[in-house]
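J.: Residues per chain are reported as follows:
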Amino acid sequence: MGMNSETKLRKFHAARWDEQLVFEQSVPGERGIMVPQPEADLASLPGQKAAGAMKRKKAPNLPEINQMKVNRHYMRLSQEASCAVDLTLNISEGTCTMKYSPKIQEHMATNPMINEVHPMQHPDTMQGILEIYHKAGECLKAISGLDYFSFQPGGGSQAIYTAGSIMRAYQRANGHPEKDEVITTSFSHPVDSATPSANGFKVITLMPDAEGYPDLAALKEAVSERTAGLFITNPEDTGLFNQRIKEYVKVIRDVGGLCFYDQANANGMLGITRAKEAGFDMCHFNLHKSFSAPHGSYGPASGAVGCKEFLKPFMPVPQVGFDGDKYTLDYDCPQSIGMVRSFLGNTAVVMKAYMWIMQLGPAGLKAAAIGAVLNNNYMESLLKKTKGISIKYGEDKRRLEQIRYSWDVLMEETGIGTDEVNYRVQDFGIPDYWTAHPPYLIPEPMTLEPADSYNKEDIDEYVAVLREAAREAYEEPELYKKQPPFNAVTHRPQWPMVEKEADNACTWRLYQKNMEKRMVKK
Amino acid sequence: MYKIGLIINPVAGIGGRAGLKGSDGVEIQQKALAAGFKSLAPERVGLALEALSEFRDEIEIITFPSEMGEDVARAAGFKTTVLGSIQSGKTTAEDTIRAAQDMMDAGVDLIVFAGGDGTARNICTAVDDKVPTIGLPCGVKMHSSVYAITPRRAGEVIKAFCDKEEKLLVDGEVMDLDEEAYRNEDVKAKLYGYLKVPEAGALMQKRKTGSGYSQDNQLKLLGMMFVDRMEEDVLYIIGPGSSTSHVMKDLGLQNSLLGVDLVANKKLVANDVNEAQIWQTMQKYPKTEIIATVIGGQGHLFGRGNQQLSPRIIREVGKGGIHILASKQKLADLYPNPFLVDTGDPELDASLCGYIRVPQSRTQDITFKIDR
Chain F
1 MGMNSETKLR KFHAARWDEQ LVFEQSVPGE RGIMVPQPEA DLASLPGQKA
51 AGAMKRKKAP NLPEINQMKV NRHYMRLSQE ASCAVDLTLN ISEGTCTMKY
101 SPKIQEHMAT NPMINEVHPM QHPDTMQGIL EIYHKAGECL KAISGLDYFS
151 FQPGGGSQAI YTAGSIMRAY QRANGHPEKD EVITTSFSHP VDSATPSANG
201 FKVITLMPDA EGYPDLAALK EAVSERTAGL FITNPEDTGL FNQRIKEYVK
251 VIRDVGGLCF YDQANANGML GITRAKEAGF DMCHFNLHKS FSAPHGSYGP
301 ASGAVGCKEF LKPFMPVPQV GFDGDKYTLD YDCPQSIGMV RSFLGNTAVV
351 MKAYMWIMQL GPAGLKAAAI GAVLNNNYME SLLKKTKGIS IKYGEDKRRL
401 EQIRYSWDVL MEETGIGTDE VNYRVQDFGI PDYWTAHPPY LIPEPMTLEP
451 ADSYNKEDID EYVAVLREAA REAYEEPELY KKQPPFNAVT HRPQWPMVEK
501 EADNACTWRL YQKNMEKRMV KK
Chain V
523 MYKIGLIINP VAGIGGRAGL KGSDGVEIQQ KALAAGFKSL APERVGLALE
573 ALSEFRDEIE IITFPSEMGE DVARAAGFKT TVLGSIQSGK TTAEDTIRAA
623 QDMMDAGVDL IVFAGGDGTA RNICTAVDDK VPTIGLPCGV KMHSSVYAIT
673 PRRAGEVIKA FCDKEEKLLV DGEVMDLDEE AYRNEDVKAK LYGYLKVPEA
723 GALMQKRKTG SGYSQDNQLK LLGMMFVDRM EEDVLYIIGP GSSTSHVMKD
773 LGLQNSLLGV DLVANKKLVA NDVNEAQIWQ TMQKYPKTEI IATVIGGQGH
823 LFGRGNQQLS PRIIREVGKG GIHILASKQK LADLYPNPFL VDTGDPELDA
873 SLCGYIRVPQ SRTQDITFKI DR
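Those protein sequence lines, which keep their order, are chains F and V. So for the first sequence, the numbering used here puts the first residue at 1; every next one is plus one. So for the second sequence, the numbering used here puts the first residue at 523; every next one is plus one.
Just so you know, these hints were derived from the structure itself, not from any lab. Among the hints, erroneous ones may be present.
What the simulated footprint calls covered on chain V by chain F, stretch by stretch (three residues with Cβ under 8 Å from a Cβ of chain F suffice, anywhere in the stretch; the number is not a length) [unchecked claim]: (1) 844-854; (2) 880-892.
Within a straight-line C-alpha distance of at most 25 Å, the following computed DMTMM-like cross-link-like pairs (lysine to aspartate or glutamate) qualify [what the hints assert, rightly or not]: (3) K387/F to E472/F; (4) K202/F to D750/V; (5) K841/V to E516/F; (6) K841/V to D209/F; (7) K517/F to D631/V; (8) K681/V to D209/F; (9) K841/V to D180/F; (10) K513/F to D685/V; (11) K517/F to E580/V; (12) K689/V to D750/V; (13) K560/V to E412/F; (14) K689/V to E516/F.
For every residue, glycine included, the Cβ atom is placed at its ideal position computed from N, Cα and C.
This is chain F alone, in the form it adopts within the complex (with noise of 0.2 Å):
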């Protein structure tokens, strides 16, 4: 019964409900519940009347249908959705860190004492929250060797938005509105391109040398008195740690700008390195990776941005603060950014974060850092070894906690390449897997991270997996053109996508507008 043990395939086959929209299911007067109305002398209270005036004059356009149909269509897209990180190996996302999230973090994400605060309370009203703010600042500084963090940002994005206004405010602060260009790498996220732009900057992006890391040399000649800061990761995408990052560092200072240090995934080197040593002004961490808390549609997200002392003064507000004895919200920050999300951010997240952390210590931070190290490579020496696979850099180098593989003998061979391998896995029931963001540097990329949280078991089940989609491409392709059978749903959409942004539908009255545009052609 069960997974081969041999083979360590599984016959998986998804629930597939063929579901129609909840739009597509309104029948007009189906209703879920019958609100009585108020009774005569309730009705005539000034509260209710004034109530009355408030009442919208158009009703919404809504689905009408009654509860038992809501509840089943959901369940069935619940079921659909049949690669949730809490039921399968979800090491397929890449630089996502998708880690186990412990459940007893949801119990207290979920205590009144912390969801039914009300942002606009007085701070001395919500002195629990605002200590779990501080002491997980306390904690992020000891990671990173940073001296103040803000937990504002509500996504990763959104912080390295943060880290560049901060950056503008600063070099403006100081008399240098030149100061316009900011410098990033090819392997590095492309928020770290894009969010600069955002901020004003005009952005120059790294080529990688030819052993993967950012070109120095290239460096070298793009700084100038314009250089108003460096954003970059490491590692990057490759998985490679760039040993030489303090040089790169230098050349940045050398020319007066600011070094940000994109840590959104620090899981390979938690307790190891330091934003700090490696000479870094700034860094973020995305709670939503590397602390375990839910990461994308699983929950709301959470970006630390973490700043050294001179730079406090331009973070966001309100600042946490700890006077010894009470702690305060300080929005008297005359040179800061302001806000860059209402209230204090995604407080749930922060906590979940907060309670991964002191629940395993910094020994148990290093050690979850080392174990995610290990199970990259333990799984990089078995898919070396499997047909179709190359890996490009760093032949003699270990890896940290991720690898950008290349399925480009694959696709020579049998012409089958990374998209259709990625159907494919999803036969055997796990996820499809993160490939890179365009353009593909790496050819036909697969990029996986096998976080701390998964066992030797795990990691040989997915390269089963792996192998078989690669052994039928080789000897049985034609199943290829059936794929994925047995899986329901694929959240990443494939070529031929959406090319126009009209065909995209992302309200019900648009994609009524658009299936009628359709009929009309036809």
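Once you've looked at the hints, dock chain V against the given chain F.
T.: For chain V alone, kept in the frame of chain F given last:
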């Protein structure tokens, strides 16, 4: 019912198997045939048609007799209409050109051709950019960006093309090497023109970029941006290529795809000029700048296809006055190879080496290495 034109070059790739570095010229073909080599083209076309089999009732294949397409199309069970006549066993480049012209006259929706760069050149001669085309890679030299990665993927591209209401087409470069020189270990590629090919992302050869990434949109934006950045009384030398043609398109000026054009104050100064004309015109302007692209897949910035831009012209403009218009996809396709300069003046080549910023949007540049 879709009308698909099918042209097979029955001797495609035959010279490669025989180690003859290409199959251009009757003598080479006879030599390879005499040695017992056979072209793989018919078999590969069969694979592409197999991938299309579910569309059998919706596709009519218009082709040329026997080995030029008829045999394979009938064997695959498609409705087949045969045009023209050939001398079986002795087909030439002229047959390919004639076939493409006849198919264009017959109103085909798409021409599928099996061959290499030589065949692509012949198709280009016949149809220019008037009919969409897809190449099945069967030749020895395949430097052009008009081929699907594999025959099976060609089938998918054709399927998607027929399926879509709006046909998205991009310019595919038709390149060819001088085979005589190639046989003497001297690689000299030339840009011959462009064919319209379906935009098919990762299914087409030399496309390393991610799914759905549209290079045409980016080129349009880059063209607009380069025009916005044009300064008064500066003479702009617009180099050859479809990338730089977006500057001319945005200006609403006539463009010479394979030649050099001159623009000043957003008005046309001259089309398709030679070296002496450029040099003379430069004397009338206080400043001259170059807007050029690099040859896709190879990376030549100067010295291939734009020899009009001589060392004296480039030296006068200076490295700071050279602007490169290239899409992110083109740069990714080229990586890890650098841009190449081969102006014929070693000293100038050395001074151009180093790094150059290639604009990608109004606020983003990528640095790229220049080497010789």
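J.: State for each hint whether it applies.
T.: Status of the hints after comparison with the structure:
Residues of the segment 844-854 of chain V with a Cβ under 8 Å from some Cβ of chain F number 4, which satisfies the need for three, so the listed coverage holds. Chain F is given as covering the segment 880-892 of chain V, and this holds because 9 residues of the stretch bring a CB closer than 8 Å to a CB of that chain, at least three being needed. Note on K387/F and E472/F: the hinted pairing holds, with a Cα-Cα distance of about 11 Å set against a maximum of 25 Å. Using a Cα cut-off of 25 Å, the hinted pair K202/F and D750/V holds, with the two alpha carbons roughly 17 Å apart.
A C-alpha spacing of about 54 Å is found between K841/V and E516/F, which places the hinted pair above 25 Å, so the restraint is violated. A C-alpha spacing of about 22 Å is found between K841/V and D209/F, which places the hinted pair at or below 25 Å, so the restraint holds. Only pairs whose Cα atoms come within 25 Å are accepted, and K517/F paired with D631/V is accepted, the gap being roughly 24 Å. Between K681/V and D209/F the CA atoms are separated by roughly 39 Å; this puts the pair beyond 25 Å, and the hint is violated.
Our distance criterion of 25 Å between C-alpha atoms is met by K841/V and D180/F, whose separation comes to about 23 Å. Among the hinted pairs, K513/F with D685/V is consistent with the structure: their alpha-carbon atoms are about 21 Å apart, no more than 25 Å. Annotation: proposed proximity of K517/F to E580/V holds, straight-line Cα distance about 24 Å (limit 25 Å). At most 25 Å may separate the alpha-carbon atoms for a hinted pair to count; K689/V and D750/V exceed this at roughly 30 Å.
For the hint linking K560/V to E412/F, the alpha-carbon distance of about 22 Å falls within 25 Å, and the restraint holds. For the suggested pair K689/V and E516/F, the alpha carbons sit about 20 Å apart, so the restraint of at most 25 Å is met.
Checked against the numbered hints above, the structure violates hints 5, 8 and 12; every other hint is satisfied.
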